[in-house]
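Using the sequences plus the hints, can you model the full thing?
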Amino acid sequence: MNGDGVVIEFTLNGKQVRSPGSSARRVLDVLRHELGLTGTKDGCGVGECGACAILVDGEPRLSCLLPVAEVAGLTVTTIESTDDEAVERVRSAFLQEGAFQCGFCTPGMILVASRIPAGASDDEVRAAISGNLCRCSGYAGIIRAVRRAGAGDPDAPGEHGGSA
Amino acid sequence: MTASANPSGRESVGRPIARAGGSDKVWGSSTFPADRPGPSGVLHAATVRASLASARLLEIDTAPALAVPGVVRVLTSADVPGINRFGLAEADQPVLADGWIRGASDVAALVIATDEVAARAGARATRLVLEPLPGVYDVERALDPDAPVVRPDRPGGDAHPNLFASRSLIRGDVDAEMSRAHVIVEGTYRTGHVEHAFLAPEAGLAVPETDGSLVLHVATQWPESDLRQAAAVLGEGVENFAIVQDTIGGAFGGREDVSLQILLLLAARLCEAPVRMVWDRVESIRGHGKRHPFVIRHRTGADAEGRLVAGSLDLLIDVGCYASTSRQLLDNALVHAFGPYDFASVRAAAQAVFTSNPYSCAFRGFGVNQVTFAIEQQLNRVAAELGLDPARVRRLNLPTGPGRLASGCEISGREGLERTLRSADDAAGGTSLPDARGTVAYGRGVASAMKNNGFGFGVDDAATAEVTLCEGRARVRIGAADVGQGIETVLVQIAAKALGLAEDEVGVEWRDTRASPEAGSSSASRQTVAAGNAVLCACEKVLEQLSESGSPREDQDSAVSARCTWRFPETVGMDDGPGVHLAAFGWSTAVADVAVDTRTGVVRVLRVVNVVDAGRAMNPVLLRGQVEGGTVMGQGYALLERFPCRDGMPEVTGLEACGVPTAVDAVPAIETVIVEDGDGPGPWGARGIGEVTMIAVVPAITAAIHAACGVWINELPATPERIISQLEGRWERPTSGSRNE
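Respectively, the protein sequence lines represent chains F and L.
Each residue of the first sequence is one higher than the one before, counting from 1 in this note's numbering.
Each residue of the second sequence is one higher than the one before, counting from 1 in this note's numbering.
If you are wondering where the hints come from, they were derived from the structure by calculation, not from laboratory data.
Every residue, glycine too, gets a C-beta built ideally from N, C-alpha and C.
Each hint should be verified, as a subset may be incorrect.
What the hints assert, rightly or not - One-sided and incomplete, this derived list gives chain F residues near chain L with beta-carbon spacing under 8 Å:
#, residue
1, Leu35
2, Gly39
3, Asp57
4, Arg61
5, Leu95
6, Gly98
7, Cys102
8, Gly103
9, Pro107
10, Gly119
11, Ala120
12, Glu124
13, Ser130
14, Ser137
What the hints assert, rightly or not - Take a look, some chain L residues computed to stay more than 10 Å from chain F by CB distance:
#, residue
15, Pro81
16, Glu131
17, Asp146
18, Ile170
19, Leu398
20, Ser412
21, Glu415
22, Cys470
23, Glu628
This is the structure:
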């Protein structure tokens, strides 16, 4: 990859990282190919499906449309994050509600859902995730999971947590 | 079948056990094929595709591609060592085009390079010399005497060269019965292509092993079929190849046909190196098939009480440019074309024709969605003409006990549909629709569906499982693809129940064709039944061995292993005359409430009650997910989804333009009702329900549109433009009811 001499630094899931490649490179590619974090998915590359959603300074952004230069000095959160309470709450609610099937939209969906304010109406939840396509679930389980996460019982036991 | 007591005191089957691998999915640590970077030295492949769907391919100039730094090789049809043809049911698609381009999915050449950017640059640099050929793009013109011949490469006969398959059937005297009918309803229904829109685009990695074999990491519905097709193309024994399934990012039928599997194996073999390829969304949309477009002409006669006395039907199916499973789909559609209902007489003719459109392939429902939309709309129109309750008309024409479908297929258990009708009444009754306000009118519609479990038509439809019990843990090996539907979890539950273990004492291994025996395709709503029964049977054999050895299982520390192949009951092909064409069916009834804005034609679906006869619910959370997902996919098919093509080339490059429903579009209230009567063909009476969940939703929505605004939808999707056109009477109503006086 040809660099342009600019090294981009940002905070990724609580750690300082450096991207020595081209500053025009998509954050999606930096995450997946340079940094080996493949939880962020490439579903369309044109901002239509939301599978590549990440949080930049806590705000949902599409990493397929984001040049890495735009996150210089900022804080990036991906699905691999272990220290974001809201993400953890939604993740656990997704498991409890079975809010996913194939799981490809799930990382982006969880990150976007984690920024929905508690107490949001179903319509507000739907609007918030309307940029994230899911072909498997019909969204109903996802809405239930967001509602559960917003209800704020992160420690409620799952049916059978963990992978079988 | 007997179930052992579960020592943990829990009944594994029927409980909402968390999805196997679920934790990986919410942490982003599942490995989808595109997540595999490949070993060092991996090469990258990119396809060269033509700009036309119908053309002579006169020349491929690879020199400009080979001049791109990093490009190591460009493969063309001359490089194929074996037979340059593949296909799921018949091998008629070129792996690499050899002289002709017949459809949008054709690949002309494959560029191999040391990195992905170079491979793509090489693909762009490759020059194709094309001579445009006339194509057939309108399925209704495909059999015109002067229609261009789409597939001159196929053996000719007396029939029109574009006719791929046809079938007709006659039972009783349709003309006599029709003349006695009190009401005759005529309808012509049209449905279009639909994109599967699974979220993970195709990707894969083929790796040469030290023993000379090739291992392909990919996501597919039927790995063994892929390998058999690949072996013929590479001219080698199938034992030289293996598939290791990565996480499968949705499928819906769209991963049953081969996409990039053979290209990767071919490239890895010829380059003697690992080769990786990742398709972007644009290529994914071009590279796999689409749902079959249908034109369906019905003439349905009923007596004054609503009894169906005569049905006349013409089906015209757009095969597109390659056979895929269209021959099987035609038969499947025909068997379902009159629904589960009794007709005193029927006459049907079905034709599947080649066009230069994208090839049509399996897609959740396999031809049943199209014909069910049409027959259910016909039934609802008969009821409306006679002023009868549509559910009552269904009951009146629904025989119980063993009998035959109008198409001739022997069937029993149609009571299943009656059960869903009853539950739908219970669930939907008691709520009323709002009164019309301004230009917004409300309506409720009801429709039912049946869908086969298993392939039928004489296919040896089997699944094999191997179960090993050792030190209180069970290892289940069976190659059933978990496409997201959750079959891995269901098989864990079945084995846990059968062996009296906890779920975490059971491991299901399905990914590696070298280790796990073949379960057949994850399609046709068949894996809970086929793979489920195979696992249950192997578990029972293990228990038999244990009881023969006489040692209490707690003391047993050496492994006990058993293998079992389960087969669907025998079926017969349509060529073999009447009989059991399809071995088992599932049932559903849907009730839809809609709001139609009669000024704009916009339809909002307010609520769907989706009643599904699951026989026995294996896992209520997974089952509910299937029903909800099927409901919204049905809603998309009914109202939103389209796939426009121009001269055989997709005009859309993204999912938004395909009309895939978003969370805002999706039905806000889905009520899932599960009927469990324990009489399905699967373990403990389960049925496969993956497809039937979406089928009744479509005609329920179109019936609700009629109830709201008086428009009978005859073309999918029911766009605002189509509704407004009909409301304004700008279109001549192509169909209408008539009465014999």
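Taking the numbered hints from earlier one at a time, note which ones the structure violates and give those numbers from smallest to largest.
-> The structure conflicts with hints 1, 3, 4, 10, 11, 12 and 23, although it agrees with all the remaining ones.
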